[in-house]
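> Sequence:
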Amino acid sequence: MRGQVPADGRAVDSSAHPSKTKTAIVKNMFKTASAVSSEGDFRTESMEMARQIAQENGYGCDGQPAWRRRRARMEHAQEEERTKVPFCVPFVSDDMSAAIRACLRKADLQDSVRVVEIPPSNLKRQLVRNRLYDRRPNALLCDLPFRKGR
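Read in the UniProt record's numbering, the sequence shown has 139 at position 139, and its numbers run on one by one without any break.
Treat each hint with caution, since some may be false.
[To be verified] Below, a list of computed lysine to aspartate or glutamate pairs in the EDC-like style, where the Cα atoms sit at most 16 Å apart: (1) Lys-84 / Glu-117; (2) Lys-84 / Glu-48; (3) Lys-22 / Glu-56; (4) Lys-31 / Glu-48; (5) Lys-22 / Glu-45.
Read the hints as simulated data drawn from the structure, not as lab findings.
Please model the complete structure; the sequences and the hints are all you need to start from.
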């Protein structure tokens, strides 16, 4: 059913392209639509046609440029940063982070507390330390080290 457009013109399902591909396709389509027409009325008509085509093909396009959407999202994040109290916890695992967030929701603190996960100080050291617990094979497959020039 993907790709089919019902009679009312709405896309049944969103596009299967990755988000960066979607962004590039829509951006290029609008750039082309704007460049094709030099007169104001034709440019407006061309941009409206590009918007309709994008929506029919499953590309979310609300007519607002991407930089405005990004700026609004950034402003919301900055506002959240100013109003919420940071709760710093070391990152242990995704499950642990999800459990912490679930506890905050149960305590009805999600609107006043922002979880800040502190990454391990040195990822390489962490990975090497975990290697101590790996099982080593008992069988020796090759006695000679790899030599160049053979």
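> All hints are to be evaluated individually against the structure, with a verdict given for each.
Each hint tested on the structure:
1. Lys-84 / Glu-117: Distance ~15 Å between Lys-84 and Glu-117 Cα, so the pair holds.
2. Lys-84 / Glu-48: 40 Å, violated
3. Lys-22 / Glu-56: Between Lys-22 and Glu-56 the Cα gap is close to 13 Å, so the pair holds against 16 Å.
4. Lys-31 / Glu-48: Given that 16 Å is the threshold and the Cα spacing comes to 12 Å, the pair holds.
5. Lys-22 / Glu-45: Violated: Lys-22 and Glu-45 sit about 22 Å apart, past 16 Å.
Hint compliance for this structure: hints 2, 5 are not met, and every other hint is.
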